[in-house]
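Dock chain B against chain A, hints included.
Quick mapping for you: the protein sequence lines, in order, are chains A and B. All letters in the first sequence, in the order written, are residues 1 to 584 by the UniProt record's numbering. All letters in the second sequence, in the order written, are residues 1 to 584 by the UniProt record's numbering.
Misleading hints may appear alongside valid ones.
Note that identical chains are pooled: a pair holds if it fits in a single copy or bridges any two copies.
Claimed, not checked - With a Cα cut of at most 25 Å, we get these calculated DSS-like pairs of lysine-lysine:
{"#": "1", "residue 1": "Lys232", "residue 2": "Lys31"}
{"#": "2", "residue 1": "Lys489", "residue 2": "Lys288"}
{"#": "3", "residue 1": "Lys455", "residue 2": "Lys485"}
{"#": "4", "residue 1": "Lys162", "residue 2": "Lys205"}
{"#": "5", "residue 1": "Lys292", "residue 2": "Lys282"}
{"#": "6", "residue 1": "Lys205", "residue 2": "Lys195"}
{"#": "7", "residue 1": "Lys195", "residue 2": "Lys453"}
{"#": "8", "residue 1": "Lys123", "residue 2": "Lys466"}
Hint data in this document are derived by calculation from the structure and do not stem from the laboratory.
Number of protein chains: 2
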Amino acid sequence: LDYQHVQVPFEITLWIMLASLAKIGFHLYNKLPSVVPESCLLIFVGLIMGGIIYGLNDKSPPVMDSDIFFLYLLPPIVLDAGYFMPSRPFFENIGTILLYAVVGTIWNVFGIGFSLYGICQVKAFRLQDVSLLHNLLFGSLIAAVDPVAVLAVFEEIHVNEKLHILVFGESLLNDAVTVVLYKLFRSFCEMPTIKSVDVFAGVGKFFVVGLGGVLVGLTFGLTAAFTTRFTKDIRVIEPLFVFLYSYLSYLTAEMFHLSGIVAIIACAMGMKRYVEANISLKSHTTVKYFMKMWSSVSDTLIFIFLGVSTIGENHEWNWPYICFTVIFCLIWRALGVLVLTFFVNRFHVNTITSKDQFIIAYGGLRGAICFSLVFLLPDFHRKKLFIAATTVVILFTVFIQGMTIRPLVDLLAVKRKRESAPTVGEQIHIRFLDHLLAGIEDISGHWGQYYWKDKLEYFNSKYLQKILLREYDQPKSSIVLLYEKLERKHAIELAEAGQLGHASSHPSLLRSGFLCSNNRTVITDKKLEATLNPDVLENIQEILARNLYRIRRTGPAYNRHTLPGETEPVEHAKEILILRHKSP
Amino acid sequence: LDYQHVQVPFEITLWIMLASLAKIGFHLYNKLPSVVPESCLLIFVGLIMGGIIYGLNDKSPPVMDSDIFFLYLLPPIVLDAGYFMPSRPFFENIGTILLYAVVGTIWNVFGIGFSLYGICQVKAFRLQDVSLLHNLLFGSLIAAVDPVAVLAVFEEIHVNEKLHILVFGESLLNDAVTVVLYKLFRSFCEMPTIKSVDVFAGVGKFFVVGLGGVLVGLTFGLTAAFTTRFTKDIRVIEPLFVFLYSYLSYLTAEMFHLSGIVAIIACAMGMKRYVEANISLKSHTTVKYFMKMWSSVSDTLIFIFLGVSTIGENHEWNWPYICFTVIFCLIWRALGVLVLTFFVNRFHVNTITSKDQFIIAYGGLRGAICFSLVFLLPDFHRKKLFIAATTVVILFTVFIQGMTIRPLVDLLAVKRKRESAPTVGEQIHIRFLDHLLAGIEDISGHWGQYYWKDKLEYFNSKYLQKILLREYDQPKSSIVLLYEKLERKHAIELAEAGQLGHASSHPSLLRSGFLCSNNRTVITDKKLEATLNPDVLENIQEILARNLYRIRRTGPAYNRHTLPGETEPVEHAKEILILRHKSP
Numbered sequence: 001l002d003y004q005h006v007q008v009p010f011e012i013t014l015w016i017m018l019a020s021l022a023k024i025g026f027h028l029y030n031k032l033p034s035v036v037p038e039s040c041l042l043i044f045v046g047l048i049m050g051g052i053i054y055g056l057n058d059k060s061p062p063v064m065d066s067d068i069f070f071l072y073l074l075p076p077i078v079l080d081a082g083y084f085m086p087s088r089p090f091f092e093n094i095g096t097i098l099l100y101a102v103v104g105t106i107w108n109v110f111g112i113g114f115s116l117y118g119i120c121q122v123k124a125f126r127l128q129d130v131s132l133l134h135n136l137l138f139g140s141l142i143a144a145v146d147p148v149a150v151l152a153v154f155e156e157i158h159v160n161e162k163l164h165i166l167v168f169g170e171s172l173l174n175d176a177v178t179v180v181l182y183k184l185f186r187s188f189c190e191m192p193t194i195k196s197v198d199v200f201a202g203v204g205k206f207f208v209v210g211l212g213g214v215l216v217g218l219t220f221g222l223t224a225a226f227t228t229r230f231t232k233d234i235r236v237i238e239p240l241f242v243f244l245y246s247y248l249s250y251l252t253a254e255m256f257h258l259s260g261i262v263a264i265i266a267c268a269m270g271m272k273r274y275v276e277a278n279i280s281l282k283s284h285t286t287v288k289y290f291m292k293m294w295s296s297v298s299d300t301l302i303f304i305f306l307g308v309s310t311i312g313e314n315h316e317w318n319w320p321y322i323c324f325t326v327i328f329c330l331i332w333r334a335l336g337v338l339v340l341t342f343f344v345n346r347f348h349v350n351t352i353t354s355k356d357q358f359i360i361a362y363g364g365l366r367g368a369i370c371f372s373l374v375f376l377l378p379d380f381h382r383k384k385l386f387i388a389a390t391t392v393v394i395l396f397t398v399f400i401q402g403m404t405i406r407p408l409v410d411l412l413a414v415k416r417k418r419e420s421a422p423t424v425g426e427q428i429h430i431r432f433l434d435h436l437l438a439g440i441e442d443i444s445g446h447w448g449q450y451y452w453k454d455k456l457e458y459f460n461s462k463y464l465q466k467i468l469l470r471e472y473d474q475p476k477s478s479i480v481l482l483y484e485k486l487e488r489k490h491a492i493e494l495a496e497a498g499q500l501g502h503a504s505s506h507p508s509l510l511r512s513g514f515l516c517s518n519n520r521t522v523i524t525d526k527k528l529e530a531t532l533n534p535d536v537l538e539n540i541q542e543i544l545a546r547n548l549y550r551i552r553r554t555g556p557a558y559n560r561h562t563l564p565g566e567t568e569p570v571e572h573a574k575e576i577l578i579l580r581h582k583s584p
Numbered sequence: 001l002d003y004q005h006v007q008v009p010f011e012i013t014l015w016i017m018l019a020s021l022a023k024i025g026f027h028l029y030n031k032l033p034s035v036v037p038e039s040c041l042l043i044f045v046g047l048i049m050g051g052i053i054y055g056l057n058d059k060s061p062p063v064m065d066s067d068i069f070f071l072y073l074l075p076p077i078v079l080d081a082g083y084f085m086p087s088r089p090f091f092e093n094i095g096t097i098l099l100y101a102v103v104g105t106i107w108n109v110f111g112i113g114f115s116l117y118g119i120c121q122v123k124a125f126r127l128q129d130v131s132l133l134h135n136l137l138f139g140s141l142i143a144a145v146d147p148v149a150v151l152a153v154f155e156e157i158h159v160n161e162k163l164h165i166l167v168f169g170e171s172l173l174n175d176a177v178t179v180v181l182y183k184l185f186r187s188f189c190e191m192p193t194i195k196s197v198d199v200f201a202g203v204g205k206f207f208v209v210g211l212g213g214v215l216v217g218l219t220f221g222l223t224a225a226f227t228t229r230f231t232k233d234i235r236v237i238e239p240l241f242v243f244l245y246s247y248l249s250y251l252t253a254e255m256f257h258l259s260g261i262v263a264i265i266a267c268a269m270g271m272k273r274y275v276e277a278n279i280s281l282k283s284h285t286t287v288k289y290f291m292k293m294w295s296s297v298s299d300t301l302i303f304i305f306l307g308v309s310t311i312g313e314n315h316e317w318n319w320p321y322i323c324f325t326v327i328f329c330l331i332w333r334a335l336g337v338l339v340l341t342f343f344v345n346r347f348h349v350n351t352i353t354s355k356d357q358f359i360i361a362y363g364g365l366r367g368a369i370c371f372s373l374v375f376l377l378p379d380f381h382r383k384k385l386f387i388a389a390t391t392v393v394i395l396f397t398v399f400i401q402g403m404t405i406r407p408l409v410d411l412l413a414v415k416r417k418r419e420s421a422p423t424v425g426e427q428i429h430i431r432f433l434d435h436l437l438a439g440i441e442d443i444s445g446h447w448g449q450y451y452w453k454d455k456l457e458y459f460n461s462k463y464l465q466k467i468l469l470r471e472y473d474q475p476k477s478s479i480v481l482l483y484e485k486l487e488r489k490h491a492i493e494l495a496e497a498g499q500l501g502h503a504s505s506h507p508s509l510l511r512s513g514f515l516c517s518n519n520r521t522v523i524t525d526k527k528l529e530a531t532l533n534p535d536v537l538e539n540i541q542e543i544l545a546r547n548l549y550r551i552r553r554t555g556p557a558y559n560r561h562t563l564p565g566e567t568e569p570v571e572h573a574k575e576i577l578i579l580r581h582k583s584p
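Pulled out of the complex, with its shape left as it was, chain A reads as follows:
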């Protein structure tokens, strides 16, 4: 037996296996995941595992290594989040998201830091040795909402798209602020005296860290898109580039102390549309599937490790400090959301309702990022107290808030996600309105969202597409692409049901051609952000089939090889009947 030789890969594989089997286990009992979020169950499994290890070895189980977390577990989740981010709602609410992420996080950090310092002044609590700087440092790591925890809970409660993107976008973008404040306070802790220059340099760093991350990400993203132009002959390594470049963007950003999370999101959002157009359908399936798989495994591992790391002797218990930390986290977040939303609502027509505000405040879950940051703290005599407080806050938010948020959403009747995606007709109207608004903004001289979007589209189709896309001379309208996608899906379903007719109908050929030429006059080749759920697909399919029927029937009239009267009314009626019959 030679265990040492294979130890590292063997143990990694076993951990991943445990995580996957735990996931299968939960899903075997269907009732469990509908009551308790999966993240809670996983932490629970971790706690049991940690307890077993502690009981057997009689020493603390190994804590989650911060390096492993930041270098290997976090990137897949953020990549998945960035790649599947619905870009329209994200950019529509980018101002609000940034306000929450930057101003809100700073507010929380200083609020929590100063009020905990106040608590420390009470003599009875025996906390007078915790300095203001240490409290602020603690505030900076405990204030950040965690994207992994937020995703895990919000993916299950299906709130409306805007609410989801506000909480989730904030949790992603506050990384830049957290990185800056955490590093700033940590370096202040080690400095003998603090000059005002250092404070100003710290403020300047926000922009460097955030914008630098975006720059690094976009550079790698566009390089990835450019690389996939040349992979036509070796389709098999196409998916690799998506993963390699986005991981490189993350590592490069981390190397220069920029925000890795922001970088990988910019990279994923930047490359997505070009890579999708360049790579083959199977490669794309592999990319999507593998991304989901990887992030799902990472996520599972993080929560299990969180549970395992909780067990042990790393904690120093101090009731007042820990209780007040939880309370201040809740209060300052609620206050921050209220104040910021007040200003946001003054400048927007679509206001954020008070119910939404409650869910935003309540959805501020903490997770593994705080946990890793607290372990990265330099050693000082109260580190174990901070670890204990962080653990309690994480467990409180994930268990109590995570488990009660679903009943609360039901109770408050918060607006849910639209079950059906917008129909093709709606989408055409949305685009039309986009064009119209861009025109109005241009005329009125108000350079708003639509104006910039239009300019970006122009720049994209004029320059970027020519460099980054393999077949840039044939940009297809996305309506046509969507239609093709639906047809393909429908065809597979038909084939699987054994209902595929071998005799292809020539009208459908004409119809397809007609559709292309018809739509290109109206619609430019913008990307539809249609979320293609199975139900939705069927819905669109049905609408297309019904609506296009007339076009198709009138289509052949333009053809010089057919006469208008060739299609008999009987056949006409029969075909409609079949269409009706087929629609569920």
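Structure of chain B alone, referenced to chain A:
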């Protein structure tokens, strides 16, 4: 700048990126890969890289770590090889393959070892300090044909299936022999005296290492199949299990000093049919795509590292020893193949022609396995000589033999791979003959290949399928599965060409049903090993469409809801016309 923090993942990512970009680079110039095998180009890139590193640092570039090779780079390639192994030719020729792999390898080891010892006795060569045991140890590592090198070359020259499986199967299965002999001689080198008991124990180990590997592999493979029974609700982590279990089988086998390569092949071949039936279509695409991608990257990295590691000061040059090593490798392999094939041909009807024998002998390429094994040797004063000799043999076989084998195959007019896969008609006949032969063997009491295959199939459908498959009560005939596969592919093509008719034809439904019931009487649910190339697919599709037409027309006659005369001759003729028109 904080490079150290991200160094490990950053450098790994960069190496993979370099490998992938090199691959893209070769394929941009289409003429290059058709003359020079990719493996040669990659070694060449590695040599240049190594030269640059050597020139810049003025010290030897890092050699490929044997642990990295055996633990991380080799498993993906072997997994890919095992998963896509054509099982019918493999099992049909298993006897010959084992003979080459076991007896042939032992023959080569002792042949090369003893004759090099003879060379060492020549005083003029100054090699008298190399003992017989060291020569045998060297023989044991240099004798093994390398699967990675063989795959890289044989995938490009398209020789006939039998020839391919003989060389490739040998290269995979000789791992067990190599492991045993290498470890045996290495332990003998360190022992003061060798007892005859140790030699007998060594012989016994062959069986333990080989059969143990098969056992470990099958155990993990069947567990993997069993696990995928329960993944219906979380499709997204299905592909993970294929990789996790096969990797665990490799690591477990290595841990117990069994043959990891044999284990992973047994695991892949064991789980394939059950996993394929259990997981979703998209999961399966991901599995296949990712396996190909991963093995392709591993393969690229191995050849680049091989090139990089060649540069440096690890070599001790001794003309006679190195030249005679190359010569003996060639001679003993040629002799071994001649002698073994003589015996094989006496017991088989389908003999191995002398041309095939030449290619088998000539295709004995050495690669990264030898290279890693020579670096794993315990330090002794002539290790650098062995490294030099191994490097020369590898470069000689990969460059000289690898580059000349294609012209030789052309020159000798070696039987090539059949371009078109067997038609459905042929496949039905093959199965029919299998049943017939199994019956004849049963009656005549000769328990041959067909008898055992039939028994295994019976055991599989009676017990294994019920445990391992999710829907074991509906085993589909593989002809029906093939037909569905073709239909699906055809449907996608139709949809992509915009020719999909929306009105589904009810005769096709009947046809499908008829086909099922019709075939089940004749054919059991054995796996067709049809290689589905695009041309082949179209061919089968055409044959199916033509031949099934009649069945379909006569089909409704059995239905009690339709009358025989319902289909008009006009429609009949029109439909044939459409079919004719559509076939290219």
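These are the hints, each one checked on the structure:
1. Lys232 - Lys31: Classified as between: cross-chain Cα gap 16 Å, same-chain 47 Å, threshold 25 Å.
2. Lys489 - Lys288: Both: 17 Å inside a copy, 21 Å across copies.
3. Lys455 - Lys485: Close neither inside one copy (28 Å) nor across copies (46 Å); limit 25 Å.
4. Lys162 - Lys205: neither (30 Å within a copy, 66 Å between copies)
5. Lys292 - Lys282: Cα proximity of Lys292 and Lys282: in one copy and across copies (15 Å, 13 Å).
6. Lys205 - Lys195: For Lys205 and Lys195, only the intra-copy Cα distance (16 Å) is at most 25 Å; the inter-copy one is 73 Å.
7. Lys195 - Lys453: neither (43 Å within a copy, 83 Å between copies)
8. Lys123 - Lys466: The answer is neither: 69 Å in one copy and 71 Å across copies each exceed 25 Å.
Hint compliance for this structure: hints 3, 4, 7 and 8 are not met, and every other hint is.
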